[in-house]
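I would like the entire structure built from these sequences, with the hints used as guidance.
Listed in order, the protein sequences are those of chains B and V.
So for the first sequence, numbering that gives the first Met the number 0 puts the first residue at 0; every next one is plus one.
So for the second sequence, numbering that gives the first Met the number 0 puts the first residue at 0; every next one is plus one.
There's no promise every hint is true.
[As the list claims (entries may be wrong)] Computed, partial: chain B to chain V, Cβ under 10 angstroms:
#  : residue
1  : 132
2  : 192
3  : 268
4  : 294
5  : 306
6  : 311
7  : 345
8  : 358
9  : 364
10 : 399
11 : 405
Hints are computed from structural coordinates only; laboratory data are not their basis.
Positions of the beta carbon are idealized from the N, C-alpha and C atoms, including for glycine.
Protein chains: 2
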Amino acid sequence: MLQMAKAKRGEVTEEMRAVAQAEGRPVEQVMKELAAGRLVIPKNVRREEVEVKGIGGGLRTKVNANVGSSPDYADVDEEVKKAEVAVKYGADTVMDLSIGGDIDEIRRRILKAVKVPVGTVPIYQAATKRGSVVDMSSDDIFNAIRKHAEDGVDFVTVHCGVTREAVETLRRNGRLLDFVSRGGSFVVAWMIHHGEENPLYREFDYLLDIAREYDLTLSLGDGMRPGCLADASDPVQFQELLTISELVERARARDVQTIVEGPGHLPIDHIEANVKLEKTICKGAPFYVLGPLPTDIAPGYDHIVGAIGGALAAAAGADFLCYVTPTEHLCLPSSEDVKEGVIAARIAAHVADVARGIGVDKDIEMARARRELDWERQFELAIDSERAVELRRKRPPTLDPSVCTMCGKYCAIKITREYLSKKS
Amino acid sequence: MLQMAKAKRGEVTEEMRAVAQAEGRPVEQVMKELAAGRLVIPKNVRREEVEVKGIGGGLRTKVNANVGSSPDYADVDEEVKKAEVAVKYGADTVMDLSIGGDIDEIRRRILKAVKVPVGTVPIYQAATKRGSVVDMSSDDIFNAIRKHAEDGVDFVTVHCGVTREAVETLRRNGRLLDFVSRGGSFVVAWMIHHGEENPLYREFDYLLDIAREYDLTLSLGDGMRPGCLADASDPVQFQELLTISELVERARARDVQTIVEGPGHLPIDHIEANVKLEKTICKGAPFYVLGPLPTDIAPGYDHIVGAIGGALAAAAGADFLCYVTPTEHLCLPSSEDVKEGVIAARIAAHVADVARGIGVDKDIEMARARRELDWERQFELAIDSERAVELRRKRPPTLDPSVCTMCGKYCAIKITREYLSKKS
Numbered sequence: 000m001l002q003m004a005k006a007k008r009g010e011v012t013e014e015m016r017a018v019a020q021a022e023g024r025p026v027e028q029v030m031k032e033l034a035a036g037r038l039v040i041p042k043n044v045r046r047e048e049v050e051v052k053g054i055g056g057g058l059r060t061k062v063n064a065n066v067g068s069s070p071d072y073a074d075v076d077e078e079v080k081k082a083e084v085a086v087k088y089g090a091d092t093v094m095d096l097s098i099g100g101d102i103d104e105i106r107r108r109i110l111k112a113v114k115v116p117v118g119t120v121p122i123y124q125a126a127t128k129r130g131s132v133v134d135m136s137s138d139d140i141f142n143a144i145r146k147h148a149e150d151g152v153d154f155v156t157v158h159c160g161v162t163r164e165a166v167e168t169l170r171r172n173g174r175l176l177d178f179v180s181r182g183g184s185f186v187v188a189w190m191i192h193h194g195e196e197n198p199l200y201r202e203f204d205y206l207l208d209i210a211r212e213y214d215l216t217l218s219l220g221d222g223m224r225p226g227c228l229a230d231a232s233d234p235v236q237f238q239e240l241l242t243i244s245e246l247v248e249r250a251r252a253r254d255v256q257t258i259v260e261g262p263g264h265l266p267i268d269h270i271e272a273n274v275k276l277e278k279t280i281c282k283g284a285p286f287y288v289l290g291p292l293p294t295d296i297a298p299g300y301d302h303i304v305g306a307i308g309g310a311l312a313a314a315a316g317a318d319f320l321c322y323v324t325p326t327e328h329l330c331l332p333s334s335e336d337v338k339e340g341v342i343a344a345r346i347a348a349h350v351a352d353v354a355r356g357i358g359v360d361k362d363i364e365m366a367r368a369r370r371e372l373d374w375e376r377q378f379e380l381a382i383d384s385e386r387a388v389e390l391r392r393k394r395p396p397t398l399d400p401s402v403c404t405m406c407g408k409y410c411a412i413k414i415t416r417e418y419l420s421k422k423s
Numbered sequence: 000m001l002q003m004a005k006a007k008r009g010e011v012t013e014e015m016r017a018v019a020q021a022e023g024r025p026v027e028q029v030m031k032e033l034a035a036g037r038l039v040i041p042k043n044v045r046r047e048e049v050e051v052k053g054i055g056g057g058l059r060t061k062v063n064a065n066v067g068s069s070p071d072y073a074d075v076d077e078e079v080k081k082a083e084v085a086v087k088y089g090a091d092t093v094m095d096l097s098i099g100g101d102i103d104e105i106r107r108r109i110l111k112a113v114k115v116p117v118g119t120v121p122i123y124q125a126a127t128k129r130g131s132v133v134d135m136s137s138d139d140i141f142n143a144i145r146k147h148a149e150d151g152v153d154f155v156t157v158h159c160g161v162t163r164e165a166v167e168t169l170r171r172n173g174r175l176l177d178f179v180s181r182g183g184s185f186v187v188a189w190m191i192h193h194g195e196e197n198p199l200y201r202e203f204d205y206l207l208d209i210a211r212e213y214d215l216t217l218s219l220g221d222g223m224r225p226g227c228l229a230d231a232s233d234p235v236q237f238q239e240l241l242t243i244s245e246l247v248e249r250a251r252a253r254d255v256q257t258i259v260e261g262p263g264h265l266p267i268d269h270i271e272a273n274v275k276l277e278k279t280i281c282k283g284a285p286f287y288v289l290g291p292l293p294t295d296i297a298p299g300y301d302h303i304v305g306a307i308g309g310a311l312a313a314a315a316g317a318d319f320l321c322y323v324t325p326t327e328h329l330c331l332p333s334s335e336d337v338k339e340g341v342i343a344a345r346i347a348a349h350v351a352d353v354a355r356g357i358g359v360d361k362d363i364e365m366a367r368a369r370r371e372l373d374w375e376r377q378f379e380l381a382i383d384s385e386r387a388v389e390l391r392r393k394r395p396p397t398l399d400p401s402v403c404t405m406c407g408k409y410c411a412i413k414i415t416r417e418y419l420s421k422k423s
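See the structure below:
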């Protein structure tokens, strides 16, 4: 029986218990949120040995890292390594977005290499298999989804909201950058070429049938997301969100867990509104944002741009942050870029969590270690201990090892400690 | 006659005109905001050839970069280079915080090397001159301020709000990390040791006399700023802010331009409130924030933490962002760290400005360049062209040079362009 069906019946599962324990929450809360569709625990029934994660329902904000090959760079080992690096630095989930080389092999190797929930975008394989996106058949799409589910993938992005109506909305309204979603563009090209409705929308019940077989979580992709600030929060984006909100309800009715994907490129003053809207329209479904990126002019630093947007989104209620690496908009990331992206997204998630009352004990511990000038403890508590040690070693104190080389003996903490104990 | 006095009389100066032109605003607006003390143009009458900057009054958010020696690392050339690097990557102002080696030489060389407004913290020199912070005299402090002004420094941080009353507030309330402001700790140590009131507070009128001689802008330092999330927005911090608000009024009455400094370490949900409070209590005085840093656990990545806090602060109305480098809390930064800090702060400032209706044309241009797959134009528009070029070259396209290696021939923009022009 599906997780959600059990939750609705008031049945506590091992997965719910593991999530409740990891988060320090009552298991009844996890069960209730899952039953309502406000929390998902992506876990394919075929996947073994997975460190389950709860996404949504007021839990700690989760971070996803995308890895995967491209037509230019398709080294299986490298992509597996990226997945491992992502998990090492704290990614809660990994998505394999491969579109080059032996896609089956990469996915299967990643599923074995990491213990966190793994997601994919099966339409990529359906499209690349034929060489041209329009040559794939509707069956190719569903077969790819089934194959990925069969392999144990825990969640899949499916661009069900990219409908003919949405394309018409785009034609009427216009946009600066029409589509920037890879999967979204595949679906649009396919619909236009074949003159047919999106199979993922038209045959959504069939998709739910497949999802039910594996307890596959559906991440409803935002194929119409804005690709630049100028297109943010436009009718095209919200047309798709409205469609998705109906699909969320249909999935819930059949006990299929769903996540809703969101932008993308948004000015900082649009972020909170976008989160609130998703939460209202999709009745609390977990919100999975890509960034968001509140400026378009910083290629090379989009992990920082994404951290700004992600912190604000998560503080406003987004549940799941898709990282952005420094090479976004420029090239396929390396393992080092994956690390930078994961750390930046984790900082954003933690910044938001602290404001939501989660995890501030770590910050308090760090402040104590700073008060005591206890460097070993500071390194232990640092989000990236190796980096902290490396930087301090770059310019070590030569005069007084208890302080750092920013202030040396004029360390405010040391001076304060010496004088504040005295009477003024 | 002082800038502010002229502004009050309705007299437009060359500096006001330069600021108005740089910002695309009516000069009357600049004059009016300056007259009201909501905007400053830091420029010492002795400084020649300075590229004036307006800070506050709804203008573009400005970024400051701190450079300067420490007892461990005191290389004059290196600090001058850091100032140059900071300006090269877009810092609007530079502060020399030197506390080691030949402090006079570093300051004078920086004043010659860069054309942007330069700030200092004269009490550092007063304290380090005697070797111990408590051995300096009240005269040492004022003499250092005069010396810096004499050299042409455009603005100085003065910790006038660190009073005996503030220290008593701290003793009553307690804190996890008492003081983390270097200058603040000097003043506190001095007051406790001598059993006297802070000379910068007690003799504030004398300080104004000096400032008036040079049209020196006073940046009222927040010596009691919280040093960790746990101490944020506490009575100690606001006690100082209340004192500072009175000093702002006294300075305005004597035509001395003032900036108010703010935290520091703040949870993300405190940031907007802190900005609004400063703006209300200090009647719109330009707000200069240090970060702020919404988490304490990311040493090595505090430029990213500062970018999150800075973007939110500036979007809420903060006018001036002090950058944070990756080595904050670990060691004195290198030139490379200065670059990383400046870029991160500029991203934060721009993200906020866009939400305030300033500078979005650049983002629109970037989106157009992306639509056209015009890589040269994308590099030109990038906040750091060199980095963007370098990353793209790291993994260049091998199959189709018009796209990037993230998607290759499955580029959403390319596919969309091909199919969207067709009828569905």
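Hints versus structure:
1. 132: With a minimum Cβ separation of about 6 angstroms from chain V (threshold 10 angstroms), the hint on residue 132 of chain B holds.
2. 192: Hint holds; residue 192 of chain B Cβ to chain V Cβ min 7 angstroms, cut 10 angstroms.
3. 268: holds (4 angstroms)
4. 294: Hint holds; residue 294 of chain B Cβ to chain V Cβ min 5 angstroms, cut 10 angstroms.
5. 306: Check passed: Cβ of residue 306 of chain B comes within 5 angstroms of chain V, closer than 10 angstroms.
6. 311: Given a least distance of 7 angstroms, the restraint on residue 311 of chain B holds.
7. 345: Because about 9 angstroms separates residue 345 of chain B from the closest Cβ in chain V, which is inside the 10 angstroms limit, the hint holds.
8. 358: holds (9 angstroms)
9. 364: holds (8 angstroms)
10. 399: Since the shortest Cβ distance to chain V is 8 angstroms, the answer is holds.
11. 405: Hint holds; residue 405 of chain B Cβ to chain V Cβ min 5 angstroms, cut 10 angstroms.
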